[in-house]
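Novice: Numbering (my numbering), first residue to last: 10 to 448.
Where hints are given, some of them may not hold.
[Said to hold, decoys possible] When the alpha-carbon atoms are kept at most 30 Å apart in a straight line, the in silico DSSO-like pairs for lysine-lysine are as follows:
id : residue 1 : residue 2
1  : K239      : K415
2  : K274      : K263
3  : K401      : K383
4  : K263      : K418
5  : K239      : K263
6  : K383      : K263
7  : K326      : K182
8  : K401      : K263
9  : K326      : K263
In short, the hints are calculated from the structure, not lab data.
What you are looking at is a predicted structure, and each value in this text was computed from that prediction instead of being measured.
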Amino acid sequence: MSRSSEAAMADADAGRRAPIEIGPGPEGRLVVRLPYDPELVRRVRGIAGRRWHPSEKHWTVPRAPGTVGRLLELFEGEAVVLDPGLGGAGPVAAMPAGGRDEEPTAPSPARPAPPRPPPADERPTPGRPTSGSKPRPERRPYRSRRAADPPGPAGALLERTREELRLRGYSPKTRRAYAGHVRRFLEWMATDGRDAGDPRQDDLRRHVARLLERKGVSHSYANQCVSALKFLYEHVLERPIGRLRLPRPKIERKLPVVLSREEVKRIFRAVPNRKHRALLMLVYSSGLRVGEVVRLRPDDLDTERGLLHVRQGKGRKDRYVMLSAVAVEAVEEYVRFYEPTRWLFPGARPRRHLHERSVQHLFARACRKAGIRKHATVHTLRHSFATHLLEKGVNLRYIQELLGHKSPKTTQVYTRVAEGDLARIQSPLDDLMRDEGAE
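Kindly generate the complete structure, drawing on both the sequences and the hints.
Specialist: Here is the structure:
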C-alpha cells in the first residue's frame, strides 16, 4: 500500500473516531474523556497534576485561566467537544480532525458516546509494548545543541568571553552569536597548529579572509564575526584596539522581499487558527520583529490609545507602535477563546512564550497554502508593512520610529522597493509589441 493511501486511511479512521470531551469537574478541575489511543494517553500523561479515575473512566486536570486553550492545542488534529458548562471557555465547540490549524466549529447534535479507556491494569506504560503492537523506542532526553567547548586554554578563553558578554549586558541572542564566532575561530586556530589561547592580529585577519573565500558566507555574517573578534581582542584579551586593523567586508546591498497587499490577504485567509492569525496580523499591522511579537504580554496592548508597547526590542530599546483596529479584533477574539495570562502568545509550556521557530514554521505553512512563490519569512511582513506605508505617503522619519531603526539609512532601503514612478514607466518591449499588433 502506498504512503498516501495509508495516510488517507489514517485520516478516515480519525474522522470516524469518537471525539474527545472536555467539561467541568469537581474542586477546580476539568474532566477529559477520550477514546482509547496510546498516543492520546501519552499526551495527557504529560500534563502536570493529571489524574486517572478508574471508576469513572476519565482523566481530570487542574483548571486555571487558559487551560482549555492549552488542551485544544494539545489535541490539535483531533475532534474535540467542549461542554457548555465551561462558562468562560465559550460555546460548545468541536475541533475537526485532520489539519493542525483548523478551528473549533459547532458539533452535530447527535454524536456517539465515546468508548471508555480500558482498566488501569490494561493501560499502556510508556516504553512498554501492548499486545498486538510494536514496541515503541524510548524517547531520548533533550540535549542542548550547543557545540562542546574546545579543551585547555582555548576553552577557558571562550568562557571568559561569555562572562564578559554577560557582564556588559548583551542580549542572549548576541551572546550566543558572538560566542559561536569566537569558538569557531579558536577551533580553527587549534586545527591550524596555532596557540588558541593567545590569538594574534594576523590570525584574526586570516580567519575572516578564510570565511569569505572558502566558506562563501554572506558579508553580514562576516561582519558579525569581525565584531565578535574585536570584542575578544579588546574586552577579553584587553589589547589596545588601535593595534587591531581588521577590515570589514563591504556590505551587500540586497533588496528586501516585499509582499503585495493581495498576497498578505491571501496569507491571512490561509490561517484559520485564531492564535496564529492574530499573531501574524500584529506582525504586519505594527511592523514587529518575530522576537518582539512572541514576547508581548496582554497588558502591552493599549486599546484605548491605539498603541502597542514593544519592550526591549533590538538594541534593548522600548518603543510604541500603532495598533490596528482590525488586529485588535483578531487578538480579542483569540484572547476570549484561549485566555492567555503571562504571555500574549504562550508556548506549549504556559510559563514560556511561543518559540520564534514555531512562528516561522506556521508562516511557511500559511505561505504554501496561499500559493506564495516568493522566498518569504515572517520578517517579510515587517518589510511589507514599511513598504506599504511608504507607498501611502507616510514620512520616512515616522516609519523609522515605528520600525525602531537607529539610523535613517536603514529605513531608506524601502524607497528602492516601493511602487512609485518606476512601476509606471512603460517598457519599450511592450510599446514595440503593441505597435506590431496595431499594424
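Novice: For the pair supplied as a hint, K326 and K182, is the alpha-carbon distance within the 30 Å limit?
Specialist: holds (15 Å)
Novice: Hinted pair, alpha-carbon criterion (30 Å max): K274, K263. Please report holds or violated.
Specialist: Satisfied, since the Cα-Cα distance of roughly 26 Å is no more than 30 Å.
Novice: Is K239 close enough to K263, meaning Cα to Cα at most 30 Å?
Specialist: holds (25 Å)
Novice: Given the proposed pairing of K401 with K383, does the C-alpha separation stay at or below 30 Å?
Specialist: holds (23 Å)
Novice: Does K263 lie within 30 Å of K383 when you go C-alpha to C-alpha?
Specialist: The hint holds at about 15 Å.
Novice: Given the proposed pairing of K326 with K263, does the C-alpha separation stay at or below 30 Å?
Specialist: holds (26 Å)
Novice: Assess, step by step, whether the Cα of K263 is no farther than 30 Å from the Cα of K418, and give holds or violated.
Specialist: holds (14 Å)
Novice: Given the hinted pair K239 and K415, is their alpha-carbon gap at most 30 Å?
Specialist: The given pair, whose Cα atoms are some 22 Å apart, holds under the 30 Å limit.
Novice: Could you grab the alpha-carbon distance between K401 and K263 and see if it respects the 30 Å cut-off?
Specialist: Answer holds: K401 to K263 is near 23 Å, not above 30 Å.
In this structure, every one of the numbered hints holds.
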